[in-house]
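Asker: So the protein lines, in turn, are chains A and B. Residue numbering for the first sequence follows this note's numbering, beginning at 1 and increasing consecutively. Residue numbering for the second sequence follows this note's numbering, beginning at 1 and increasing consecutively.
What the hints contain is simulated information worked out from the structure, not anything from laboratory work. It is possible that part of the hints are untrue.
Distance condition first, Cα-Cα at most 27 Å in a straight line; then the derived DSS-like pairs of lysine-lysine [to be verified]:
no., chain 1, residue 1, chain 2, residue 2
1, B, Lys276, B, Lys330
2, A, Lys118, A, Lys87
3, B, Lys17, A, Lys272
4, A, Lys209, B, Lys56
5, A, Lys21, A, Lys46
6, A, Lys277, B, Lys175
7, A, Lys156, B, Lys17
8, A, Lys272, B, Lys175
9, A, Lys21, B, Lys17
10, A, Lys272, B, Lys276
11, A, Lys272, B, Lys330
12, B, Lys276, A, Lys46
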Amino acid sequence: MSPATSTEDLVSAEALSVTYKVRTGFLGSTHRVIKPVDCVDLSVRKGEVMTVIGESGSGKSTLGFALLRLVKPSAGRVLFSGQDIGKAKGSDLRELRRQMQIVFQDPYSSLDPRLHVKDIVSEPLIGSGMKDPGEIDDRTSRAMTMVGLDPSAKSKYVHEFSGGQRQRIGIARAIVGDPQFVVLDEPTSNLDVSIQAQILNLLMDLQSKSGASYLFISHNMAVSQYVSDRVAVMYAGEVVERGTSEEVIGEPMHPYTQDLLSCVPTMDISRKVTDVKITGDPPSFADLPRGCRYSNRCKRAFDLCKEKEPALAAAGGREVACFLYHKEERAVAPPER
Amino acid sequence: MTDALRVSDLWVDYRTKGTWASAVRGVDLTVGEGEVIGVVGESGSGKSSLSLAIMKLLPANARARGRVEILGKDVVGLPANEAHRYRGAGMTMIFQEPMTSLNPVMRVSNQLSEAVTSRGEHYKLGVFRADSIAVPGGRDPRFAMGSERSVPPSKEAVEALRQVRISDPERTASKYPHELSGGERQRVMIAMSFLLRPRVLVADEPTTALDVTTQAQVLSLLLGLSREGTSILFVSHDILVVGQVARRVAVMYAGEVVELGPTEAVLKNPLHPYTKGLIGSIPSGFKGERRIEQIPGSPPDILRLPSGCRFNPRCKFAMERCRSEETSLKEMEKDHFVACHLY
């Protein structure tokens, strides 16, 4: 599915779907099923930074959670070094958990206010079965030093730290067990610009030193461009364009990617985002348009777009799901389990 | 050009731990009629306190000193029962979180009609010039208890929603805020501003909670409002967003304006080391092309401000003088001011 390459996949999602039940009606008396991740194929190669770009409600965070088995997929599977993570149990699963970590968006709600920093950071080690207190302490100190925190702050509580430092604690927790795969769910979107710069540089240093694979989840184009080797653009639960960062962000082909990028303010203030004639909001999963999910907002939509859904297929060196470039249709999603 | 908003030597202090801590320290700012001015700063820079002081919406543990003139009338010393006359058609604020700024138990159309009614009252009170808008007399039945369901959305409400490019405005007008997306809610807030046609609009991070595609739409609506004569103080942490709408921009740090100038000059030729750092820390380029600059440390706590220039502990150009002597704004180029001992 991904472009031909000699590099090996570390994590790959195959036809992955996630469904949620949403309560509706009077006091939640009825419910309906929405599909925030709809038959997505995605791979993260060894040692690369892959970014999933999308607006709120595009399903990007749910995809990240499903890759870590934090939510259960309704169809499809996730392979980690060839192993189906949905089937792992017991000590295999504990080992997988050590290998796959996450840094959350909000450094306030994702850290336990009643724990000392050392207890937060060392939790993945203890969870993976490490017992030697000396080794745990040693590795905790090392992780804290790596993220630029003073190990002498080990016995402090989270509330004694600023937002940027809290995010460093979250990163230390993620890297303490030397994971091979880290999901970063908008790790800098709650931070000030100057602090964001510190955290991005730190993450890039850690990634190149450790050689781990990162899946970055972001709605910020400039950040995505800065950190990624490859990017996947998500819209309404589907990947609509995927390729190297130079291809997709440098020369976007999907009309959504093009519109998205044209809305991003840059240093060139003569290029006005206010001139962009994009209308409406991303669709809700409960009410998806017929055919291509972007067809109701797309300036270049034609009849076919409103009837059939395009499949992600090779075009211009990357993959695009758009009838402007090929006529391949999306296969009907496999039945839900 | 006359000034719609003139802020002079404004201080905002908060009572905390038995002492007063200043979040805004002697800010001077003017906004001309129909002008958009950007205020850029990180969290704790005092930009939100500045907005609240202008609106006279500071919490009870805060006090404002100095002058805030709206169309020549000082509002700082105004008693609370008179200040509300200025809010609405005089000055309006758009907040970052549109969920908490709309009334959750009131239909959108009724909230918009309330704006019309209050505008009418403003004119009746003679605070602002009246124009040809019909003023509903007496208590509006739409706001009576239990009548939420029965009244069809008013024409003005639907028209205002159409103006902010909400698709199917009739249906949206009869919805409650929780049925709308974040972008739609923020557009309802702006529709309200369109109805009020305020002289001064304070927009505090109006697009921060929105996606970029929605942000672009909201920015263009705000520009439309300014073309109709509304003066806008656009407050944001994102200098690039400000660059899209503001003619001039003020950069705030630790409660003070450290740089003020035409947007293009500030972006292309920043003078203050903090502004330089702020622009340098915006990610740009592809992976591995260049490393973004980072400002070391974090913004100071207003209870423990460093002496001299507030930025000196984080500044790579700091000299002896910066640690002892406070800075003040100096005009370096035409209309481009900076508060830094380097100049």
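Asker: Taking the earlier hints as the rules, which of them does this structure contradict?
Answerer: 2, 3, 4, 5, 8, 9, 11, 12
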